[in-house]
Structures are given as C-alpha cells and as structure tokens.
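S.K.: Produce the complete structure using the sequences and hints provided.
In terms of the working numbering, the sequence shown opens at residue 332 and continues consecutively.
Read the hints as simulated data drawn from the structure, not as lab findings. Heads up, some of the hints might be wrong.
Lysine-lysine pairs mimicking DSBU-like chemistry, simulated, CA-CA at most 35 Å apart [unchecked claim]: (1) 339 - 419; (2) 576 - 405; (3) 388 - 419; (4) 541 - 576; (5) 543 - 584; (6) 339 - 558; (7) 543 - 341; (8) 501 - 464; (9) 464 - 576; (10) 422 - 388; (11) 534 - 463; (12) 541 - 584; (13) 402 - 534; (14) 388 - 549; (15) 388 - 341; (16) 464 - 564; (17) 558 - 541; (18) 575 - 558; (19) 388 - 423; (20) 575 - 535; (21) 374 - 388; (22) 388 - 584; (23) 402 - 419; (24) 436 - 419; (25) 501 - 402; (26) 543 - 388; (27) 534 - 339; (28) 402 - 388; (29) 402 - 339; (30) 549 - 402; (31) 341 - 374; (32) 388 - 464; (33) 463 - 374; (34) 405 - 575; (35) 584 - 405; (36) 388 - 576; (37) 339 - 584; (38) 388 - 541.
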Amino acid sequence: MIPFDTFKNKYFFDINIITETPIHIGSGEEGLSPLDIDSSVLKDSEGNTIIPGSSLKGVFRSNLEQILRGKNVKICDEVGGNPCINSKDRKKFDNEDSWFSHIEKNICEVCNLFGSNSFSSRVFFSDAMADKKQQNINYRDGVKIRRDTEVAANKAKYDYEIVSSGTIFKTELLMENVEDYQVGYILFIIDMINNGLIRFGGKKSAGLGKLKFQFNIKSLNFDDITKGIFEPKALNENQIENLKKASIERLAKVGETNV
Numbered sequence: 332m333i334p335f336d337t338f339k340n341k342y343f344f345d346i347n348i349i350t351e352t353p354i355h356i357g358s359g360e361e362g363l364s365p366l367d368i369d370s371s372v373l374k375d376s377e378g379n380t381i382i383p384g385s386s387l388k389g390v391f392r393s394n395l396e397q398i399l400r401g402k403n404v405k406i407c408d409e410v411g412g413n414p415c416i417n418s419k420d421r422k423k424f425d426n427e428d429s430w431f432s433h434i435e436k437n438i439c440e441v442c443n444l445f446g447s448n449s450f451s452s453r454v455f456f457s458d459a460m461a462d463k464k465q466q467n468i469n470y471r472d473g474v475k476i477r478r479d480t481e482v483a484a485n486k487a488k489y490d491y492e493i494v495s496s497g498t499i500f501k502t503e504l505l506m507e508n509v510e511d512y513q514v515g516y517i518l519f520i521i522d523m524i525n526n527g528l529i530r531f532g533g534k535k536s537a538g539l540g541k542l543k544f545q546f547n548i549k550s551l552n553f554d555d556i557t558k559g560i561f562e563p564k565a566l567n568e569n570q571i572e573n574l575k576k577a578s579i580e581r582l583a584k585v586g587e588t589n590v
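M.R.: What follows is the structure, encoded as structure tokens:
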C-alpha cells in the first residue's frame, strides 16, 4: 500500500459526461408557489445544472463495493459502526510506522481507494457542470403509486424537471498515489456506465439517468519530477488497456484469497 507522505504519482481525468437519456438530479427543494415545479434539478447560483462530485463518488464507490462483495471480498460497514480502520485505535500504537502497518493489514479494498472517516481518499471528484447556455431543461408529470394497492395515491400528481438527452457535463477527476489496479477500478466502473449497467440520479425506473463518459487521462510520476518534468503526459490506448487489465487481475487475486 502506498503511503501518503511520499509522492509516487498523480492521474488527471478530463471528462465529458453526455446524457444519453434525460437525467434528474434533484435539488431536494420543493416550490413555494403552486406554479413552481415540484422537484427541480440541482443548479448553481448562475443556473448551470450540476451533478455533485459527492454523488459521482458515491456511485463509483457503491458499485465497486458490489463487485468486490460478488467476489466474496470483505468490505467494512462504516455507516453501521463497523469500520475497517478506527482512528480511536491510534493511541494503541507507539509510532507512525506501527500505525501504518496496522492500516495496511486491516484496511478494506474500497476504503484504501475512496477513503473513510479515518483514512484519506486517493480519488477526488469535481462537480460536473452543464453550461446553462447549452443545457435543455424540460419537465415531466409523475404520479405517486401506492405500493399496497398499486393505484394512484390521493393527490398524487406531481411534476419534476429533467435535463434532456444530449446535454454535456464537464468535470475532472484526480487520483493520487495509486496502484495501477486502482486506476483500473475507476476505468472498470466507467465501462459499466458506458454499457448502460449503471444509471444516475432519480427516476431511473422511468428510464432516466443513462450517461456516456468520454475522457482522456494524463499522468505524472516520481521519475518525471526528478527529471524536471512537471507537465502531465497523456496516456495512450495501450497504457489505458494495461490499467484495465491490472484491475481484472486484482479482482481475480482478491477473489482467490477470499475463497
């Protein structure tokens, strides 16, 4: 496991997210006026539609968890009060080296990449933003269905905003001090998204939320820095495929160790 107090590498993703179907990333706010939309999409102060970086990270993390659990890999339950690394245990160790050894031995595969309350993340997602001059926002009608009777509930009609298909969101992703297979995990999830296996936002059961990720990757490593090279270099297709291969090999390896 690569420690954080050294510099090994950085990977920079420039990403265009294209909506292949409409998408609804709700703002969580309801209109005050009867004429207002019941559920609007999330926008910044200038009216640009946003997919929060935290939402993107959550989708990537949860899907990696599902994949690893499918390989019988133990993933911690921090939300349920059972984290793999607990910062309160730090006082049990005499020095940083022994504490790091404890982390290296016990941290789960997901927390080692996405971080936890006790361990820093290695991957950072920026908010994805659509230019308000190019985005096309419409609205749809919906009806709340009672699950017990499978008929419309009383006063069940509502409307909600959608960002139309063909809208482009721009974002960036940064990875620091990562192994090849960890970059491969991110590429693995992107491939799943592009093949329609993962959708985003609300109303997915109504066909919303199918996205396409178009990206390029640049990297900067320790050897570059020592040679006075500070401009990240673009990865070619072979290098990207090798990163994907590393993730597949890692999945096979962690699966074998948990049989």
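S.K.: Run every hint past the structure and note whether it holds.
M.R.: Right, here's what the structure says about each hint:
Simply put, residue 339 and residue 419 have alpha-carbon atoms about 28 Å apart, close enough for the 35 Å limit, and the pair holds. Only pairs whose Cα atoms come within 35 Å are accepted, and residue 576 paired with residue 405 is accepted, the gap being roughly 22 Å. Note on residue 388 and residue 419: the hinted pairing holds, with a Cα-Cα distance of about 26 Å set against a maximum of 35 Å. A threshold of 35 Å between alpha carbons decides the hint, and for residue 541 with residue 576 the separation of about 25 Å falls inside it, so the pair holds.
A distance of roughly 30 Å separates the Cα atoms of residue 543 and residue 584; the hinted pair therefore holds under the 35 Å criterion. Taking the CA atoms of residue 339 and residue 558, the gap is about 14 Å. The hint holds against a cut of 35 Å. With a C-alpha separation of about 24 Å, the suggested pair residue 543 and residue 341 falls inside the 35 Å cut-off, and the hint holds. Annotation: proposed proximity of residue 501 to residue 464 holds, straight-line Cα distance about 14 Å (limit 35 Å).
About 40 Å separates the Cα atoms of residue 464 and residue 576, which puts this hinted pair outside 35 Å; it is violated. Between residue 422 and residue 388 the CA atoms are separated by roughly 31 Å; this keeps the pair inside 35 Å, and the hint holds. Annotation: proposed proximity of residue 534 to residue 463 holds, straight-line Cα distance about 22 Å (limit 35 Å). Proximity of residue 541 to residue 584 is assessed by CA-CA distance (about 31 Å); at most 35 Å being required, the pair is judged to hold.
Between residue 402 and residue 534, the direct Cα distance comes to roughly 29 Å. Compliance with the 35 Å bound is thereby established for this hinted pair. Pair hint residue 388 plus residue 549 holds up; C-alpha atoms about 20 Å apart against a cutoff of 35 Å. Of the pairs offered as hints, the one joining residue 388 and residue 341 holds, with about 18 Å between alpha carbons and a cut-off of 35 Å not exceeded. Among the hinted pairs, residue 464 with residue 564 is consistent with the structure: their alpha-carbon atoms are about 32 Å apart, no more than 35 Å.
For the hint linking residue 558 to residue 541, the alpha-carbon distance of about 43 Å lies beyond 35 Å, and the restraint is violated. Distance check on the hinted pair: residue 575 and residue 558 sit about 28 Å apart at the alpha-carbon level, within 35 Å; holds. Note on residue 388 and residue 423: the hinted pairing holds, with a Cα-Cα distance of about 32 Å set against a maximum of 35 Å. Using a Cα cut-off of 35 Å, the hinted pair residue 575 and residue 535 holds, with the two alpha carbons roughly 28 Å apart.
Using a Cα cut-off of 35 Å, the hinted pair residue 374 and residue 388 holds, with the two alpha carbons roughly 18 Å apart. For the given pair, residue 388 sits about 25 Å from residue 584 by alpha-carbon distance, which is consistent with the 35 Å threshold. Of the supplied pair hints, the one linking residue 402 and residue 419 holds, its CA atoms being roughly 30 Å apart against a limit of 35 Å. For a cut-off of 35 Å, the pair hint linking residue 436 to residue 419 stands: about 17 Å separates their Cα positions.
Between residue 501 and residue 402, the direct Cα distance comes to roughly 33 Å. Compliance with the 35 Å bound is thereby established for this hinted pair. Our distance criterion of 35 Å between C-alpha atoms is met by residue 543 and residue 388, whose separation comes to about 16 Å. Simply put, residue 534 and residue 339 have alpha-carbon atoms about 41 Å apart, too far for the 35 Å limit, and the pair is violated. Between residue 402 and residue 388 the alpha-carbon distance is near 21 Å, which keeps this suggested pair within the 35 Å criterion.
In summary, the hint linking residue 402 to residue 339 is supported, as the alpha carbons are separated by about 29 Å, within the 35 Å threshold. Pair hint residue 549 plus residue 402 holds up; C-alpha atoms about 30 Å apart against a cutoff of 35 Å. In summary, the hint linking residue 341 to residue 374 is supported, as the alpha carbons are separated by about 30 Å, within the 35 Å threshold. Distance check on the hinted pair: residue 388 and residue 464 sit about 26 Å apart at the alpha-carbon level, within 35 Å; holds.
The straight-line distance between the Cα atoms of residue 463 and residue 374 is roughly 9 Å, inside the 35 Å bound, and the hint therefore holds. Distance check on the hinted pair: residue 405 and residue 575 sit about 22 Å apart at the alpha-carbon level, within 35 Å; holds. Our distance criterion of 35 Å between C-alpha atoms is met by residue 584 and residue 405, whose separation comes to about 13 Å. Distance check on the hinted pair: residue 388 and residue 576 sit about 22 Å apart at the alpha-carbon level, within 35 Å; holds.
Distance hint between residue 339 and residue 584 is fulfilled; the C-alpha atoms sit about 23 Å from each other, no more than 35 Å. Only pairs whose Cα atoms come within 35 Å are accepted, and residue 388 paired with residue 541 is accepted, the gap being roughly 16 Å.
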